[in-house]
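> All chains should be built: construct the whole structure from the sequences, respecting the hints.
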Amino acid sequence: MDTAPAPPRPLVVIRYCPKCRWLTRAAWLAQELLITFPDEIDVLLSPGESGIFDVLLDGSLLFSRAAAERFPEPKELKQSIRDRIAPARSLGHSDR
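Residue 65 is where the sequence shown starts when you use the working numbering, and the numbers rise one by one after that.
Just so you know, these hints were derived from the structure itself, not from any lab.
These numbers were taken from a predicted model, which means no experiment stands behind them.
The C-beta atom is built at its ideal place from N, Cα and C for all residues, glycine as well.
There may be inaccurate statements among the hints.
Here are the simulated distance ranges between beta carbons [stated by the list, open to error]: (1) 132 / 70: 28 to 36 angstroms; (2) 75 / 130: 18 to 26 angstroms; (3) 69 / 134: 38 to 46 angstroms; (4) 110 / 144: 14 to 22 angstroms; (5) 72 / 114: 25 to 33 angstroms; (6) 84 / 151: 29 to 37 angstroms.
In the EDC-like style, the derived pairs of lysine to aspartate or glutamate whose C-alpha atoms are separated by at most 20 angstroms in a straight line are [said to hold, decoys possible]: (7) 83 / 118; (8) 139 / 104; (9) 139 / 106; (10) 139 / 118; (11) 83 / 113; (12) 139 / 103; (13) 139 / 96; (14) 83 / 133.
In structure tokens, the structure reads:
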């Protein structure tokens, strides 16, 4: 019987500003990502400093609200994550 633990899944961290009331937006994006990648990723919501809204994959910055001067779209996050964890995978309508 093989009892080796499964390898850890890629971790998406959404750092958001609680004072800005961005928890709802962060939770919505987490939901979108978990619906698309239910068995491939883990998602962590992380309250951060004032004004922050960053998305990281295994510690690498995927999106920064400060740098982009906007919030991320679910489609672009899904494509960016897919390109890193499963490049051959189709995202259906999110690829259009």
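> State for each hint whether it applies.
For each hint, the structure was consulted:
At about 34 angstroms, the beta-carbon gap between residue 132 and residue 70 stays in the expected band of 28 to 36 angstroms. At about 21 angstroms, the beta-carbon gap between residue 75 and residue 130 stays in the expected band of 18 to 26 angstroms. Range check, residue 69 to residue 134: Cβ separation about 39 angstroms, and the 38 to 46 angstroms hint holds. A hinted range of 14 to 22 angstroms for the beta carbons of residue 110 and residue 144 is consistent with their spacing of about 18 angstroms.
For the hinted restraint 25 to 33 angstroms between residue 72 and residue 114, the CB-CB distance of approximately 31 angstroms keeps it satisfied. With their beta carbons about 34 angstroms apart, residue 84 and residue 151 fall inside the hinted range of 29 to 37 angstroms. As the CA atoms of residue 83 and residue 118 are separated by approximately 15 angstroms, the hinted pair is consistent with the 20 angstroms bound. As the CA atoms of residue 139 and residue 104 are separated by approximately 17 angstroms, the hinted pair is consistent with the 20 angstroms bound.
At roughly 18 angstroms between alpha-carbon atoms, residue 139 and residue 106 fall within 20 angstroms of each other, so this suggested pair holds. Proximity of residue 139 to residue 118 is assessed by CA-CA distance (about 16 angstroms); at most 20 angstroms being required, the pair is judged to hold. For the proposed pair residue 83 and residue 113, the alpha carbon gap of about 9 angstroms is at most 20 angstroms, so the pair holds. Taking the CA atoms of residue 139 and residue 103, the gap is about 18 angstroms. The hint holds against a cut of 20 angstroms.
Between residue 139 and residue 96 the alpha-carbon distance is near 9 angstroms, which keeps this suggested pair within the 20 angstroms criterion. The hinted pair formed by residue 83 and residue 133 meets the criterion: a straight-line CA distance of about 18 angstroms does not exceed 20 angstroms.
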